[in-house]
Amino acid sequence: MTNVTMTVNGKSRTAAAEGRTLLVDWLREGLRMTGTHVGCDTSQCGACVVHVNGVAMKSCSVLAQEVDGAEVTTIEGMANADGSLGTIQQAFQDYHGLQCGFCTPGMVMSAAALLKENPRPTEADVRHYLEGNICRCTGYHNIVKAVMAASGQQVAPVAAE
Amino acid sequence: MHSFELVKPATIQDAVAALKSDEAQALGGGQTLLPTMKARLAQAEQLVALSGVAEMHGICVDDDGRICIGGATTHATVAREASGYPALASLAGRIGDPAVRNRGTIGGSLANNDPSACYPAGVLASNATVVTNAREIDADDFFQGMFETALDEGEIITEVKFPVPEKAAYEKFLQPASRFPLVAVFVAKFSDGVRVAVTGASGDGVFRWSEAEAALSANFSPDAVKGLGDLDADDMISDLHGDGAYRAHLVSVMTARAVKAAV
Ligand SMILES: Cc1cc2nc3c(=O)[nH]c(=O)nc-3n(C[C@H](O)[C@H](O)[C@H](O)COP(=O)(O)OP(=O)(O)OC[C@H]3O[C@@H](n4cnc5c(N)ncnc54)[C@H](O)[C@@H]3O)c2cc1C
Ligand code: FES
Ligand code: FES
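Chains Y and D, in that order, give the protein sequences.
Residues in the first sequence are numbered from 1 upward in steps of one, following full-length UniProt numbering.
Residues in the second sequence are numbered from 1 upward in steps of one, following full-length UniProt numbering.
No lab work stands behind these hints: they were computed from the structure.
Treat the hints with caution; some may be incorrect.
Said to hold, decoys possible - Ranges between beta-carbon positions, derived for each pair:
(1) D:T36 / Y:G69: 56 to 62 Å
(2) D:E166 / Y:G69: 16 to 22 Å
(3) Y:K11 / D:L174: 37 to 43 Å
(4) Y:T87 / D:K260: 52 to 58 Å
(5) D:S21 / Y:K11: 34 to 40 Å
(6) Y:N53 / D:S21: 38 to 44 Å
(7) Y:C137 / D:N219: 48 to 54 Å
(8) D:F147 / Y:A16: 49 to 55 Å
(9) D:L174 / Y:N53: 47 to 53 Å
(10) D:V61 / Y:D82: 46 to 52 Å
To be verified - With a straight-line Cα cutoff of 20 Å, these simulated EDC-like cross-link-like pairs (lysine to aspartate or glutamate) come out:
(11) Y:K116 / D:E81
(12) D:K38 / Y:E66
(13) D:K38 / Y:D25
(14) D:K8 / D:D22
(15) D:K38 / Y:D82
(16) D:K38 / Y:E18
(17) D:K8 / Y:E66
(18) D:K8 / Y:D68
(19) D:K8 / Y:E71
(20) Y:K11 / Y:D82
(21) Y:K11 / Y:D25
(22) D:K8 / Y:E18
(23) D:K38 / Y:E71
The beta-carbon is built from N, C-alpha and C at its ideal position, and this holds for glycine as well.
Build the full structure now, drawing on both the sequences and the hints.
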């Protein structure tokens, strides 16, 4: 075991990691930050997406020791300073972009990465960018609406569907 | 995952030295290796991370006009920065999903040589040169069947050099569950002829379709492909996603589409 230190959501955090410790396990078990989810064993679901040095990656497929020293942003870092929901999170609530919520941390983190690169995406851009994030509940329509709304674009209200 | 030690060399020399041990293995982006190790289909005593080797990152153009990509360069970087070879940038930008592209590397993809991977088609069709810590390997010699390459134990891909064709395109028919191609074709037209590389279709991995190359070298048009008929279904992968005849037909369709896209 070696101590690994990263700046997580702006705060310096240290916890032990073995060579094989995945970033997601370091966050969940080392730091007890369980907002980041593990939905698969095959790097395919995207529930575990976090930002490492500003870049979205699957924290289940990155070794904690490899990114020692990095700046990490997780779903816990997406809320506003007063604890209220951040813009993307609020849009997910407003547009029913979640049901069970298991995929949501990864969806929000991928959406944040998209909006950083492309602040006014088209619906097609959103669907394309979220291809690596799998949701078993919503059928995606309301997730896409939530991301469009979070980008400040007009979206038909949910009830009108 | 079984337990292992992680080392993070900063130079090619140190990485190669660390890989001398029998029980050590290179770690690129980990997008294939880590899931495989999680499933306990692979194990190592030591992983040697290449992500910290600065000289293996980035894209440049050499004196012969070739696009040279460092072995640890991510798919996302190639998609963004290989503007001198748009068809290759487009291939990289369609691998997997954004998070996979932010980690996965060209060296890892080529060393792995998955029979459905994208880069092998780009490398073979472009007649690229795979540069390792020890030597330069022509694309035609590099791929040696499913998950098999010319790499020796402990040898690492440090760079790949791509001659830039006059025209080229990569057409990928997506297998939406895996995000890999079901079948994909890279067509590259050089002044001295056309090269056509097919991935996802054969259990032996990427291959050149020589009849299509001859036909397209004489007449670079989708019609030239249509006249050829399909490859032998018995030589194609057959699985629940598509049988051999379906894949053989897809090879023809994707080749014609690539020619159309390249014109
Ligand atoms: C959800 C998902 C979707 C994907 N979709 C696609 C797709 O559409 N098309 C596609 O082509 N691929 C796809 N991939 C695979 C992806 O491109 C991987 O990044 C790639 O196959 C392996 O690259 P890596 O850098 O992650 O290598 P790793 O997983 O780290 O390593 C793979 C192998 O290569 C070796 N290795 C790594 N780097 C080097 C090097 N420089 N020199 C020598 N050996 C090395 C390792 O020892 C290991 O044996 C997908 C993966 C996932 C998880
Ligand atoms: S848990 Fe990381 S991709 Fe599924
Ligand atoms: S809300 Fe249940 S998996 Fe997406």
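Right, here's what the structure says about each hint:
A hinted range of 56 to 62 Å for the beta carbons of D:T36 and Y:G69 is inconsistent with their spacing of about 27 Å. Taking 16 to 22 Å as the suggested C-beta distance range, the pair D:E166 and Y:G69 does not conform, at roughly 45 Å. Checked against the hint of 37 to 43 Å, the pair Y:K11 and D:L174 passes, with Cβ atoms roughly 41 Å apart. Roughly 42 Å separates the CB atoms of Y:T87 and D:K260, a value that falls outside the hinted 52 to 58 Å.
In this structure the supplied range 34 to 40 Å holds for D:S21 paired with Y:K11, their Cβ-Cβ distance being about 38 Å. As the Cβ distance of Y:N53 to D:S21 is approximately 30 Å, the hint placing it in 38 to 44 Å is violated. Between Y:C137 and D:N219 the Cβ separation comes to about 52 Å, which falls inside the hinted range of 48 to 54 Å. For the pair D:F147 and Y:A16, the supplied restraint of 49 to 55 Å is violated, since their beta-carbon distance comes to about 35 Å.
In this structure the supplied range 47 to 53 Å is violated for D:L174 paired with Y:N53, their Cβ-Cβ distance being about 30 Å. The beta-carbon spacing between D:V61 and Y:D82, approximately 51 Å, falls within the hinted interval of 46 to 52 Å. Annotation: proposed proximity of Y:K116 to D:E81 holds, straight-line Cα distance about 18 Å (limit 20 Å). The straight-line distance between the Cα atoms of D:K38 and Y:E66 is roughly 17 Å, inside the 20 Å bound, and the hint therefore holds.
A C-alpha spacing of about 13 Å is found between D:K38 and Y:D25, which places the hinted pair at or below 20 Å, so the restraint holds. Distance check on the hinted pair: D:K8 and D:D22 sit about 17 Å apart at the alpha-carbon level, within 20 Å; holds. As the CA atoms of D:K38 and Y:D82 are separated by approximately 39 Å, the hinted pair breaks the 20 Å bound. A threshold of 20 Å between alpha carbons decides the hint, and for D:K38 with Y:E18 the separation of about 15 Å falls inside it, so the pair holds.
The suggested pairing of D:K8 with Y:E66 holds, with an alpha-carbon distance near 7 Å, which does not exceed 20 Å. In summary, the hint linking D:K8 to Y:D68 is supported, as the alpha carbons are separated by about 11 Å, within the 20 Å threshold. Proximity of D:K8 to Y:E71 is assessed by CA-CA distance (about 18 Å); at most 20 Å being required, the pair is judged to hold. With a CA separation close to 16 Å, the supplied pair Y:K11 and Y:D82 stays within the 20 Å bound.
Distance hint between Y:K11 and Y:D25 is fulfilled; the C-alpha atoms sit about 18 Å from each other, no more than 20 Å. Our distance criterion of 20 Å between C-alpha atoms is met by D:K8 and Y:E18, whose separation comes to about 14 Å. Proposed proximity of D:K38 and Y:E71 is contradicted: the alpha carbons are some 25 Å apart, above 20 Å.
Hint violations for this structure: numbers 1, 2, 4, 6, 8, 9, 15, 23, all remaining hints satisfied.
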